[in-house]
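There are 2 protein chains.
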Amino acid sequence: MSVVEKFAKLGTDNAPGQEGRQEVSSLQARLVGDRLEGRLVDFSHGDVDAHEPTPGSFQTFAEGVARGGAQAYTEYRGDLEIREGVAQRLAAFTGAPVDARDGLIVTPGTQGALFLAVAATVTRGDKIAIVQPDYFANRKLAEFFEAEILPVQMAYVEAKAGQAGLDLGQLEQAFRDGARVFLFSNPNNPSGVVYSAEEIARIAELAQGYGATVIVDQLYSRLRYEGVSYTHLRAADIDAENVVTIMGPSKTESLSGYRLGVAFGSRAIIARMEKLQAIVSLRAAGYSQAVLRTWFNEPEGWMNDRIAAHQAIRDDLLTVIRGTEGCFARTPQAGSYLFPKLPALTISPGDFVKALRLQAGVVVTPGTEFSPHTGDSVRLNFSQDHRAAVAAVRRMCELVERYRA
Amino acid sequence: MSVVEKFAKLGTDNAPGQEGRQEVSSLQARLVGDRLEGRLVDFSHGDVDAHEPTPGSFQTFAEGVARGGAQAYTEYRGDLEIREGVAQRLAAFTGAPVDARDGLIVTPGTQGALFLAVAATVTRGDKIAIVQPDYFANRKLAEFFEAEILPVQMAYVEAKAGQAGLDLGQLEQAFRDGARVFLFSNPNNPSGVVYSAEEIARIAELAQGYGATVIVDQLYSRLRYEGVSYTHLRAADIDAENVVTIMGPSKTESLSGYRLGVAFGSRAIIARMEKLQAIVSLRAAGYSQAVLRTWFNEPEGWMNDRIAAHQAIRDDLLTVIRGTEGCFARTPQAGSYLFPKLPALTISPGDFVKALRLQAGVVVTPGTEFSPHTGDSVRLNFSQDHRAAVAAVRRMCELVERYRA
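Each protein sequence line maps, in turn, to chains A and B. Residue numbers are given in UniProt numbering: position 35 of the first sequence equals residue 35, and the series is strictly consecutive. Residue numbers are given in UniProt numbering: position 248 of the second sequence equals residue 248, and the series is strictly consecutive.
Treat the hints with care, since some could be wrong.
Copies of one chain are not kept apart here, so a pair can be met inside one copy or by any two copies together.
Derived EDC-like pairs (lysine to aspartate or glutamate); straight-line CA-CA distance at most 20 angstroms [what the hints assert, rightly or not]:
#1 K341 <-> E52
#2 K160 <-> D385
#3 K6 <-> E146
#4 K127 <-> D167
#5 K6 <-> D126
#6 K9 <-> D316
#7 K9 <-> D34
#8 K127 <-> E172
#9 K9 <-> E300
#10 K6 <-> D237
#11 K127 <-> D316
#12 K6 <-> E148
#13 K160 <-> E298
#14 K127 <-> E226
#15 K127 <-> D177
Honestly, the hints are just simulated from the structure, not real lab data.
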């Protein structure tokens, strides 16, 4: 495969934040009706102006700059003292020990951690089990490293309450067929479902039985709604060297502008990730690393308020969506993604997503990014201004009516 | 090749900044004499406390944070308005147009740009011409992507004044043998030599003739000493689509803590680089991008003062090194690297580098990182406190005497 062919598979045209680069002139002629007025809402990512960064985060950054060279140039895996603080707090959060020296790496964003973790566990021809639907970069990463993807379906629409609906039989078959890495997000991106304790226990049991490595992206695992219980895979009955957990002070804390992530767990895999980071980006921005001091260290009550604000938005959006015939949305249990399934339309799902932007000032991510089977869904990051988000989803539902088949 | 084998080749034990992770107990017993007292100088990278970041850079960052979401979430290739400003200033600096929309990408550090540029131009089995000696990551990147390296020697020791000493015949042979990418740094890292106008013209001519892409790392091209003339490859007689230039406001400007780099030139390659950045790290930290507003936009006279300060350090270090029998150092024409060749010693070069750290409080990068033929040299980044650097190089020369064969 030539380098040009390799990159041809790596599309970003529909990726969140890239919409402005799309070619839309051929669609314009087929649009029906007038533009719906209202404030633009970009549901492709959270609005850090509506939900501000952790209090004190900028001050902590400024102190990092004041520290000078010691903060600018850290080990590739991040400043040791910062890693020590973070490791202790992550151990308390996840219920299993974290080795600050050898079992944790700071990366440029959670995306950075995911890239390194996949690169450090699969290479050309290796088999990797990936959930459908799941975060779109998972598939792209596997493709970039020329690994073979064994998809595992998650029937989140049909699943019983409290279950994510992962097809555990299919996961076992993937391991039996030779997959030695399983990559999934919990809560699931895009659907917002959380895996049950039983599902996590069975994933651990299967991985343990087949000697497989599990990479679990827990980016949103702090933002959990009322009544939701969460099970950390790394605290389950599984060899700790076979688990890498990925998190970051980004979405929930609105700290995305600093580009910080962490991966922790398996020492052998973290060591490989650091070797690669040395040639990919050297390290997470040194000054930004200082902001990790605020992580899991927020003012009393701050996280509860943040969760309550998001739960209120979630509930209002669900009411609007469920009031539209043929729309289905499972209630997100954690995180800030909503993944409604839309009824049949007269235009293709891809064109509907573009029409939403052009005619309603609503930016969403098409469902095809997450699974070949979810083309009839769109993803919304509802970490937005509350009123603006409700108004935008109303406009979306109005366009559903306009283009209903 | 398994993923474990692939990473076994990717060593970072001798990489700058990683020295603290080295195992040294077996060496301790073989060390001769007492520890030389003096302030620790880490020549593996510049001292941003001795040479402070660009005036106003932190203020500009703070304004970026205040801009909020618009600055936190940019296109993957970076904020368009910032790219427009940078493109204009880079065009003026390099003497050839820069397309802000399609021909420039902002990356997490220059390392990020280099990683993406190599990934976007070579894949398994492709041939890439790489200079020896040159920046150590060049070789590692080619190895990571399983490309075949065709080395091209640079005889910087023997070269005539004003010439880098690149073996242009060997470069042509590499192209003749199928290399379609040539990667080099100018000024050369580690030797500090600048390619002559004739060398650059010939590189352009050869690349043009063979339809090869040239990636030129010009990270240090602003920090040029008295009397040095510099030729930008991208302004030479060569198809602009076949050149990618890499720079960054890092070393010279002491802005490394923000992790910023740029690649500019070929639209097709930049497009591929952005696709990959989307799964590697998404984007350079949004808030950090704001700091690019200060780049090539420094207060009047500031860059001249910075250059003068470095030239004075360079000259004093050269005097100390040249006063030690059997040491050779070519005068760096640009950048802040010195690459002295040491005389024969009773301990291996690798052990001497460790001894320097343990017995003299002097951290340098071993010559083996840059070429298999430069094991008898060490690299020093002399962007340090002037007096401390001179004292440290004196201690280094004292240890050369102690271990002289």
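So which of those numbered hints doesn't the model satisfy?
Structure breaks hints 1, 2, 6, 7, 9, 10, 11, 13, 14.
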